[in-house]
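The listed protein sequences derive, respectively, from chains A and B. Under the working numbering, the first residue of the first sequence carries the number 1, and numbering increases by one thereafter. Under the working numbering, the first residue of the second sequence carries the number 1001, and numbering increases by one thereafter.
Hints are computed from structural coordinates only; laboratory data are not their basis. Hints are not guaranteed to be accurate.
Claimed, not checked - Here are the simulated distance ranges between beta carbons:
| # | chain 1 | residue 1 | chain 2 | residue 2 | range |
| --- | --- | --- | --- | --- | --- |
| 1 | A | Arg97 | B | Asp1009 | 45 to 55 Å |
| 2 | B | Pro1071 | A | Asp72 | 16 to 26 Å |
| 3 | A | Gln75 | B | Ala1044 | 40 to 50 Å |
| 4 | B | Ala1065 | A | Arg86 | 52 to 62 Å |
| 5 | B | Ala1064 | A | Arg95 | 32 to 42 Å |
| 6 | B | Gly1057 | A | Asp94 | 29 to 39 Å |
| 7 | B | Arg1019 | A | Glu170 | 16 to 26 Å |
| 8 | A | Leu35 | B | Ala1065 | 11 to 21 Å |
Said to hold, decoys possible - Which chain B residues face chain A? A few, computed with CB under 10 Å, are given here:
| # | residue |
| --- | --- |
| 9 | Pro1022 |
| 10 | Arg1033 |
| 11 | Val1072 |
| 12 | Leu1075 |
Virtual Cβ for every residue (Gly too), placed ideally from N, Cα, C.
Spelled out, the chains give:
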Amino acid sequence: MPYDARDDDPEAAPDEALLVLYANGDADAARVLTLRLTPQVFGHAYRLLSDRAEAEDVTQEAMLRLWKQAPDWRQGEAKVTTWLYRVTANLCTDRLRRRRGQALDSVAEPEDETASAADQIQARTRAEALQAALATLPDRQREAVILRHIEGLGNPEIAGIMGIGVEAVESLVARGKRGLTAALQGRKDELGYTE
Amino acid sequence: MTGKHDDTDVLETFFDAARADPSATPSEALLQRIMADAAAEQFAATAPAPVRGKRKGPIAALVAALGGWQPVGGLAVATLAGVWIGFGLSSTYLPDGLDSLTSAGTEVYLSELSGGFDLTLETEEG
């Protein structure tokens, strides 16, 4: 029961129940939803766009659409996270289309970090390398790989987000991973891994 | 030779690094902006419709019901004109003017004759 769950612990209430509470004027529900969902939305937008400023704009817009949708939210039709991933991907796709024609090597270079530990630097370098490799994939492959292997979603949920079948998701993920491996192959010495 | 299993293992280290990447973490400023948006949307959705201007008093409400100050002014002029005409022309139709209506012991009959607008006034001393 949404209200019981909220009375006990708002942090434990499901997203859908919190959205109903938000629509009914509960300010605490907005806070919990923001802290819970924004990292997922922003992380997804950042990995699709490789640009923090653009990812911030997309995240704010996606969350604003969620707030506007709250009074008309129909429970049981879709998970809030599924809906948000879909909106985020659509907003990112619009921006990627506008960018089309821009050279791939314009993807942001890794920023200088002040981290002293070698493993932190290597982890950071790998994250940046993966980000650059993801940017070389076709949009749909990139989205599927991110949802499956970084966001950790199951194939049926990814299928729901992308509006395709589970087999198509598996195919996109497999092709995407092959593309990533090929893109990272040339940097294996730099990135500190061996086959 | 690189096998399928090896590729997955290698990629997994990159996925781990990506999940821990601080670049993919939202800033505190973004969280604050999103919460501000949430509050604004919540207020807009739940606030009652704004009242235009201050509440009207009973006289202002009556004037508004009659169509505003201009019609009310016309109504007042017409009323005063009616009173003035009534007093001014009373001697034409009433013997002794309005006194005949107010003097004690006098009964006044006002009757309409058929076929015209003439009025006949009959008085009877009591």
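Results of checking the hints against the structure:
no. : hint                              : verdict
1   : A:Arg97 to B:Asp1009: 45 to 55 Å  : violated (35 Å)
2   : B:Pro1071 to A:Asp72: 16 to 26 Å  : violated (46 Å)
3   : A:Gln75 to B:Ala1044: 40 to 50 Å  : violated (22 Å)
4   : B:Ala1065 to A:Arg86: 52 to 62 Å  : holds (54 Å)
5   : B:Ala1064 to A:Arg95: 32 to 42 Å  : violated (53 Å)
6   : B:Gly1057 to A:Asp94: 29 to 39 Å  : violated (55 Å)
7   : B:Arg1019 to A:Glu170: 16 to 26 Å : holds (21 Å)
8   : A:Leu35 to B:Ala1065: 11 to 21 Å  : violated (54 Å)
9   : Pro1022                           : holds (8 Å)
10  : Arg1033                           : holds (6 Å)
11  : Val1072                           : violated (44 Å)
12  : Leu1075                           : violated (48 Å)
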